[in-house]
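Colleague: As a plain string of letters, each chain reads:
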Amino acid sequence: MAKSIRIRAKAKGDDTTVKALITHPMETGLRKNKKTGEKIPAHFIQEVTCKHNGNTAVTALWGPAVSKNPYLSFRIGGAKAGDSIELSWVDNQGKKDSATTTVK
Amino acid sequence: MQRRTFLQGSLAGGAVAVAVGAGILSPRTVLAAWPQAAFEAKSVQDAMSSLYGSADSNASGDIKIKAPDIAENGAVVPITVDTGIGGIESIAIIAEKNGQPLAASFNLGKSAKGFVSTRIKMGKTSDVIAVVSAGGKRYAARKNVKVTIGGCGG
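Residue numbers (the working numbering), protein chains in the order written: chain R, -14 to 89; chain A, 193 to 346.
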């Protein structure tokens, strides 16, 4: 899959703010195709995992009510510049992607 | 003779254990623990009981929800939850009047701080509830968001 994640991690004092944008349709399964009237099947991210230097820091469990092309941000403590931050997601159709960045 | 029966018995037992192990492992390799029942629950009470095993929560002044008072587009409602509660385990974001109220649940590891921000869809004007789980207890705060154009279905 083409790169679907844009991620940035910035340290400020003890806190590191991680911001990420994921490109994903996040279909709820309730919307209908306006031309054919058929339901568009549900297609949404269920789980986003963020690892700091290989240790899981945050696991986000999402339902279909998270907006299309989701944005998420959170803070972790104890990270230093140069540490690796890995973000990965899995959707309800089994598709997945991941991206790694370093703390600035 | 005794040795033979022993071998047969252990072989059969081993095969069952492998089958059970494979049966349990196969769905879990795809997703760790996505709480399907909680996300499909139709009410806040059901969603919370399914997620936490109980719908109880204490109101807390130490949870700040940053969300617009009026969301022009219900498909994209930015929500930020910030809390100073110690020993935090998870933060859930619930849109009270959505068909399926639970929008997201963030499980926070030891290094994570009590801050999450994301964007959710809201069907209509309702309260957004942030549920913070810390030290085995749950704390909740809510904020009303007016939605002028719904973001579910369409």
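Hints are computed from structural coordinates only; laboratory data are not their basis. Among the hints, erroneous ones may be present.
Within a straight-line C-alpha distance of at most 30 Å, the following computed DSBU-like cross-link-like pairs (lysine-lysine) qualify [as the list claims (entries may be wrong)]:
#, chain 1, residue 1, chain 2, residue 2
1, R, 65, A, 234
2, R, 17, A, 338
3, A, 258, R, 19
4, R, 53, A, 335
5, A, 316, R, -3
6, R, 19, R, -5
7, R, 53, R, 24
8, A, 289, R, 19
9, A, 289, R, 17
10, A, 256, R, 65
11, R, 81, A, 329
12, A, 302, R, 20
13, R, -5, A, 234
14, A, 329, R, 36
15, A, 335, A, 256
16, R, 24, A, 256
17, R, 36, R, 19
18, R, 36, A, 338
19, R, 89, A, 256
20, R, 24, A, 316
21, R, 24, A, 329
22, R, 4, A, 256
23, R, 89, A, 329
24, R, 24, A, 289
25, R, 36, R, -5
26, R, 4, A, 329
27, R, 81, A, 302
28, R, -3, A, 289
29, R, 80, R, -12
30, R, 20, A, 258
All figures in this text were calculated on a predicted structure; none of them were measured in a lab.
Colleague: With reference to the structure, classify each hint as holding or not holding.
Modeller: Evaluation of the provided hints:
no., hint, verdict
1, R/65 x A/234, "violated (42 Å)"
2, R/17 x A/338, "holds (25 Å)"
3, A/258 x R/19, "violated (34 Å)"
4, R/53 x A/335, "holds (22 Å)"
5, A/316 x R/-3, "violated (37 Å)"
6, R/19 x R/-5, "violated (43 Å)"
7, R/53 x R/24, "holds (17 Å)"
8, A/289 x R/19, "holds (25 Å)"
9, A/289 x R/17, "holds (21 Å)"
10, A/256 x R/65, "holds (27 Å)"
11, R/81 x A/329, "violated (33 Å)"
12, A/302 x R/20, "violated (49 Å)"
13, R/-5 x A/234, "violated (38 Å)"
14, A/329 x R/36, "holds (26 Å)"
15, A/335 x A/256, "holds (9 Å)"
16, R/24 x A/256, "violated (37 Å)"
17, R/36 x R/19, "violated (40 Å)"
18, R/36 x A/338, "violated (35 Å)"
19, R/89 x A/256, "holds (27 Å)"
20, R/24 x A/316, "holds (21 Å)"
21, R/24 x A/329, "violated (40 Å)"
22, R/4 x A/256, "holds (19 Å)"
23, R/89 x A/329, "violated (35 Å)"
24, R/24 x A/289, "holds (22 Å)"
25, R/36 x R/-5, "holds (15 Å)"
26, R/4 x A/329, "holds (28 Å)"
27, R/81 x A/302, "holds (25 Å)"
28, R/-3 x A/289, "violated (37 Å)"
29, R/80 x R/-12, "holds (13 Å)"
30, R/20 x A/258, "violated (38 Å)"
When each numbered hint is compared with the structure, violations occur for hints 1, 3, 5, 6, 11, 12, 13, 16, 17, 18, 21, 23, 28, 30.
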